[in-house]
Amino acid sequence: MALAKTRQARVDLDAPESRKALAKLVMQLFRLWKISTADQLNLLGLSGNSRAMLSRYARGEALPSTRDMQDRVGWLLSVHKALRLLYPKNEEMLYSWVNRRNEAFDNLTPLVVMKEQGIIGIARVSRYLDFYCGQ
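Throughout the sequence shown, residue numbering follows my numbering, covering 1 to 135 in sequence.
FYI, nobody ran anything at the bench for these hints, they're computed from the structure.
Some hints here could point you the wrong way.
Claimed, not checked - Result set (DSSO-like, lysine-lysine): computed pairs, CA atoms no more than 30 angstroms apart in a straight line: (1) 34 - 20; (2) 34 - 81; (3) 81 - 24; (4) 24 - 115; (5) 89 - 24; (6) 34 - 115; (7) 115 - 20; (8) 115 - 81; (9) 24 - 34; (10) 34 - 89; (11) 20 - 81; (12) 20 - 89; (13) 89 - 115.
Please construct the entire structure, taking both the sequences and the accompanying hints into account.
Structure (structure tokens):
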């Protein structure tokens, strides 16, 4: 099941409904990337004791309105958007790319870069992909 394509539109991140939709979207992305619960928590900047939050987000509970969470989710969705542009007809590559070693990241996987470097790593991976998309 592919992640739904969304139209480019301004999203009011102060609105709980927008943050609920983003929560479901990012949780679906994590499922498609096939990443562990611990990695999901890490990418969202949550502690290992916050496992219950992932279930709540998957059910559509609104993400927190913190700048950190909004930035993380924005960069993660930007990674997905760039991958959709780079691999429009190759779903296997689209969803496995974050788990594949990449010379641009010293032969680490993009997922490792994002986990080890936090929000800076997520942004780094996104910007790398944007470069290849010509954005």
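Status of the hints after comparison with the structure:
no. : hint     : result
1   : 34 - 20  : 21 angstroms, holds
2   : 34 - 81  : 17 angstroms, holds
3   : 81 - 24  : 16 angstroms, holds
4   : 24 - 115 : 21 angstroms, holds
5   : 89 - 24  : 24 angstroms, holds
6   : 34 - 115 : 15 angstroms, holds
7   : 115 - 20 : 24 angstroms, holds
8   : 115 - 81 : 19 angstroms, holds
9   : 24 - 34  : 15 angstroms, holds
10  : 34 - 89  : 19 angstroms, holds
11  : 20 - 81  : 19 angstroms, holds
12  : 20 - 89  : 29 angstroms, holds
13  : 89 - 115 : 28 angstroms, holds
No hint from the list above goes unmet by this structure.
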